[in-house]
Amino acid sequence: MRTAIDEPDERPVLRLTDVVKTFPGVKALDGVQLEVRAGEVHCLLGQNGAGKSTLIKVLAGVHRPDSGTVEWQGEPVAFGGPQAATKAGIATIYQELDLVGDLSVAENVFLGHEPRRFGFVRRGTMVARTREILKSLGHEEIPPRRMVHALPAAGKQVVSMARALSHEARLLIMDEPSAVLAHDEVENLFHIIRRLTARGIAVIYISHRMEEIREIGDRVTVLKDGRTTAANLPADTPTTELVSRMTGRSIEYVFPPRTATAGTDDLLTVTNLSRAGEFRDVSLSVRPGEIVGIAGLVGSGRSELLETIYGARRPDAGTVELDGRRLRPGDVGSAVRAGMGMAPEERKSQALLLGEPIHRNMTLATFTGLARFGFTSARRERAESERIAESLELRPRDVSRPVRTLSGGNQQKVVVGRWLLGGTRLLLLDEPTRGVDVGARAELYRVIRDLAAEGVGVLLVSSEVPEVLGLADRVLVMREGRMVREASATEIDEDTVLDLVMAGSLMEGAPA
Amino acid sequence: TSNEAAPTAAQTKAVDAAAGGNAAPGEKVVIGFSAPAADHGWLAAITTNAKAQAATFSDVEFKSVESGSDAAAQRAALSTLLAQKPNVIVLLPHDGKELNSFGLEAMTAGVQVVNLDRAFPDRRAYRTQVLGDNYGMGVAAANYVIEQMKAKGVAAPVIGEIAGMDELELTQTRSKGFSDTLTAAGFTVANRRAARFTVDSGQQEASQLLQALPKIDALWNHDDDQGIGVLAALNQANRKEMIMVGGAGSKQAIEAIQADDSPLKATVTYSPSMASSAISLARLIGQGKGLGDLVELQVPKEIVLSSETITKDNAADYLKFGF
Amino acid sequence: MTATALETGRKRLWAGESGESVSRNLILAGVLVALLVIGAITQPQLYGDSAWVWSNVLSILQLASVVGVVTVGMTFVIIGGGIDLSVGAIVALAGVWSTTLATQSFGAGGMIFTAIVVGIAVGLVNGFLISYGKLVPFIATLAMLVAARGLAASISGKQTQISSSDLINGIASTKLLGIPILVYILAAVAVAGWVLLNRTTFGRRTVAVGGNPEAARLAGINVKRHTMLLYALSGLCCGIAAIMLTAQATSAQAAMANLYELDAIAAAIIGGTLLSGGRGTIVGSVLGVLIFATITNLFAINGLSTEAQNMVKGGIIVAAVLVQQFRFQSVTRLFNRKP
Amino acid sequence: MTATALETGRKRLWAGESGESVSRNLILAGVLVALLVIGAITQPQLYGDSAWVWSNVLSILQLASVVGVVTVGMTFVIIGGGIDLSVGAIVALAGVWSTTLATQSFGAGGMIFTAIVVGIAVGLVNGFLISYGKLVPFIATLAMLVAARGLAASISGKQTQISSSDLINGIASTKLLGIPILVYILAAVAVAGWVLLNRTTFGRRTVAVGGNPEAARLAGINVKRHTMLLYALSGLCCGIAAIMLTAQATSAQAAMANLYELDAIAAAIIGGTLLSGGRGTIVGSVLGVLIFATITNLFAINGLSTEAQNMVKGGIIVAAVLVQQFRFQSVTRLFNRKP
Ligand SMILES: Nc1ncnc2c1ncn2[C@@H]1O[C@H](COP(=O)(O)OP(=O)(O)OP(=O)(O)O)[C@@H](O)[C@H]1O
Ligand SMILES: Nc1ncnc2c1ncn2[C@@H]1O[C@H](COP(=O)(O)OP(=O)(O)OP(=O)(O)O)[C@@H](O)[C@H]1O
Ligand SMILES: [Mg+2]
Ligand SMILES: [Mg+2]
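Chains as they are written, first to last, in my numbering: chain D, 1 to 512; chain P, 513 to 835; chain H, 836 to 1174; chain B, 1175 to 1513.
Treat each hint with caution, since some may be false.
[To be verified] With a straight-line Cα cutoff of 30 Å, these simulated DSBU-like cross-link-like pairs (lysine-lysine) come out:
| id | chain 1 | residue 1 | chain 2 | residue 2 |
| --- | --- | --- | --- | --- |
| 1 | B | Lys-1487 | P | Lys-727 |
| 2 | B | Lys-1349 | P | Lys-777 |
| 3 | B | Lys-1398 | D | Lys-27 |
| 4 | P | Lys-563 | P | Lys-832 |
| 5 | B | Lys-1349 | D | Lys-27 |
| 6 | P | Lys-752 | B | Lys-1349 |
If you're looking for bench data, these hints aren't it; they were derived computationally from the structure.
Work the whole structure out from these sequences, hints included.
Below you can see the structure in the form of structure tokens.
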């Protein structure tokens, strides 16, 4: 067998020509060209809904293309299913984590191809091989026998990767692997990728974060509306050019200028808030029109803090006041009535009714206010939703579409849009741009700024330090459940924040 | 109970031409029939007996609607039957009180109603009732137990009872007859479990009753079909110390009594042959005739079958009635 | 093109919700008509008599009425992410309680009041155990099933209790404009249920709570209280059904409404309600109940034996759902055709 | 400290699975012991006799054996994301089919063979309708329940069919080393089920199919075929149970095994199986069955009336689950204590 290493010439291991895939009502792929060489990291760029995930599902044998050819190691192939693709040497880490919570780490890694004898799982072998793979990934601290649902998100990501590596893959596809990872974790991921490519393994890497592409990518292919708009660009192509290929417009990946002048009286006052095992003695305040950003590592307790302020969790100690009035602890309803809104971390599981239309999701927190005598007003709800959809530049604009059919960025707009409807005065945002593309990101930033300009207070949690620094007026840094620093955004720089934030490994905080 | 489905000839009765005028084919009578869905031997025998009896008459058109799991379903089935305007409707209601209103409705509509087994409280709701004697069954069973205990000289016997479906009123009536009679003799029921007229429930309840009563002198089981399970439980627990009395009078039970090799010493009848009688009466009602041996010109308003006690001595006579 | 399961699933997702449920219900209506046509074919002489046909339709509606009312409540519970196995038992308990001699002495008003209060109270207990006791709905309502039937048996002393109120009994025997009052009650409950589900904040909360309880909670909805109310609503429907069933039987008994839970759940699911919550329609559920009632009627007029009935019934259920499933796509297309 | 629902959820997540299910099962065992103690307190004279105690334990085990076997199959189906409402009907059909005169003429071997083949065949039909017909499991198996009971009634002519095979009947009456064969069968099925679930690829894939079917599919597991096999497995268990029940009753009948579906589902859920799939243990399910059998026994030896029995039973179910739920945390802590 010829391996790519023997052939330093530029013959691609994978070549896609004119691949088309239609879903009812949508042409997800409309003539895609792609060419991947052995040993390279090939980045796929594109806005939300451009067709990246669909493309890799075609490669992974999940979807069958309507037309076009896929050549794998020089031969045209048509995979009948995911197993055929893995057999051929294509392993995939999907965007939606594809793990089974009630199986152990080792069982997840080897799901579907367990080492076995007469139908019995050879558990010793399986655990040993899992440990090896985890070690090669630099994560020997993850116990192979631990149930996957007991792992933090980053740990799950590692397990997904371990699963992909458990096959003898020649091509590894990663769909937004860094979306749930913190800064140091991403570094670790790149380290692993470099080791793999050194062995001649090709990697297709999808991410919305430009810096990552620049750091790890060799070549870039850009998709727009299911079509390849640029192929095999060098990874150091200027951002502006990449963005214009992605969007057809030129959007600056920058933050809109600060205009808001924060009020003087505190809108939100949090005093000595604590929850055992999550955070301790947190005090903070947000003024009207002010954007306060919280930086910190994954697991530092920021989401818990936000949820506790919002009343979704009951604090062990401490108080939350809005406009000087104390909120009932552990009661979301009273927080919402007092004018708080939250866009939670996991939009699919925590914020959306996926099967329901956009307008019903938008009005989920406000339909009671729009109702008369308990009777809802479909007309007013639609009109209001359409107004918000317009101002958020939601795509599609048709608000009767089920939310499930929207791309991630647009789903996020629906979640944020929900709080633009009522009289929200304080907005809590937890990772508002996770998995959101450059264009939509810029729009979300603009929306957040506009809100602040209207006097809404914003408390923002993000794992992307530039985002916190670029968007917030004031920055708080959290580490292991404590506030370790507070500073004006102009006084602090990225390196300082990273220094403050760094500590610990993935399994820290998990019981041994 | 038997493995063959056909009713024994004895449970139906071709009216003898020599017996009188009633045998001769008369005016054509359309008889509608409804009984609850049969899930055990006795009810199954009711339907087969009715059908078979109807088949013996050349002047009877028989329309049967079988109807489901509860009174509401039976009511719906009966209303479709009523809409077909038969001359007489013979029905074994799920519950007499629940279907009383249907009886009234049918009688008002000019259709004669013959109630089988489960009495209507309202006398206007039926033309004739053919009833088994549930209370009498309990009395008969108790009397047999008392007699045996006295004969054996047991002063304070431990008496067990395996009832049928407890939510049915007829089960309550049977148990009341049993305990009333025992009380009068100074005895009491030590433990009572309710089964569901099915063999497996009979086995299960009996096995638990045996646990509760380490020694039993007498045991009454309401239904011979579930009695197969009760006997199995006795056998499995190796408990033969008691005398057992059955109920209804299945062929299987009568044979066991005759063979006298199990604790089952007697059974008190509640014969499904009443369905055959009801069909015969319905025909006569439809034709405006009376019962040959009675002086009256019309069929009487109510017939209550007596519950007889089958023992080893008279088992041979009853064997042909066993279902 | 080979349509894989996923693809079919996806297609369904893309159909606008209202279009989807409308076409789904149209198919159910089609099944219903087909069943009536089968009746006409197998019993031409009966169907030749138009008076008989009308009375037969009424008898189907009457048969459907009690289960129909229960199913409306069940539909809310299932859409809200729960299940209520105790409905039959609640009907029995409410029926028995409202026909004790003591209650009957207060007249028809007292009986109705009692049935409804008992229904709501038992529903609240279910809801409380599920919301605040955090019991799985299946277990909580199964326990209630057992307990409520036990209580009903002990109240009635396992006797059938005759209702001597002419007013109550009249509900089943009186007709208004040729249509029995029972049918009006079903219609009223169904319309009220439809309005409640589709036009009120309560209905919206129900869909949200069943579709994604965490999202509902974070949107400020009191999920626990709402869940309690859903079971209370189901209890209320059971109370109404208890009165209807008592009127039909002119009596009540601890064993009444046996296995109504299965009938109601099956009707709701056939009607398109997702067992996992978040989706369902009242129209679909009522059509589901009517289909079951029509099947029963079909068997009765054809004099089928119970065992044959059961075998065929199983087949019809499967066929109805399959037709719904596979015809679905094409009908959906009609409704979603772009202009 | 006030523990909110979310918190409890979180804590549970961090508890390793094995610790979790072990502690859950310990609590169930505790409930079981508590029930036995209540028995001893209420009936001291019976419990004074050690021979009686032993025979009572055996009688509880025998009572549990048939439902226990059915529950093992049900546990697999539920873990795999389904539900099987037809188990009782399958037991009845298999029992009736294996006791026809024709089948009995082949002797005990023929009867066992027939029961098992009928069980598996019906299970396969269920599985086919669900996997390939894409029917909701609830509807498919409900239809099967109705149809299989109908078929059983028509095969038996609604008569009780006596088993005249001493070999079969001996299964219920013979003891080995003082323990009835039925109990050995339950033990064998439970151990086989445990091994299958925990030690084979089939079992691990069952968890995947129920816990995250999309992930299972992406891992190359044939989800449809696996689902079919799960229902066939449940059918197999029903076939075994049919023989056991026939042996106990020395006969079979279309109405036998009435409502076993509810008993089996309730036992599995009390035993910690998630109704939504992806989690469950065989030990828990068997403990659940034993708890129910012990409750029945407790009522019998105390001579409680049926209605009182039902009321108390509902309460005990709720209490058992509540105890499990609220004690859970503290016991979990014991198991997850850091060294
Ligand atoms: N199974 C499906 N059925 C119907 N439409 C689909 C399906 N999967 C994807 N789509 C649609 O196809 C288009 C491409 O989606 P895809 O998930 O490939 O985008 P993406 O580039 O991965 O976006 P993101 O960056 O948000 O992950 C979108 O419009 C999406 O809504
Ligand atoms: N499922 C869980 N169960 C128990 N403790 C948890 C769980 N998840 C996280 N924790 C703990 O709670 C604290 C905060 O975790 P979390 O990951 O929510 O923080 P975060 O700052 O919001 O991170 P992220 O960037 O992922 O949002 C950590 O101490 C972590 O160990
Ligand atoms: Mg994607
Ligand atoms: Mg977080």
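Run the structure past the numbered hints and jot down the numbers of the failing ones, going up.
-> 5
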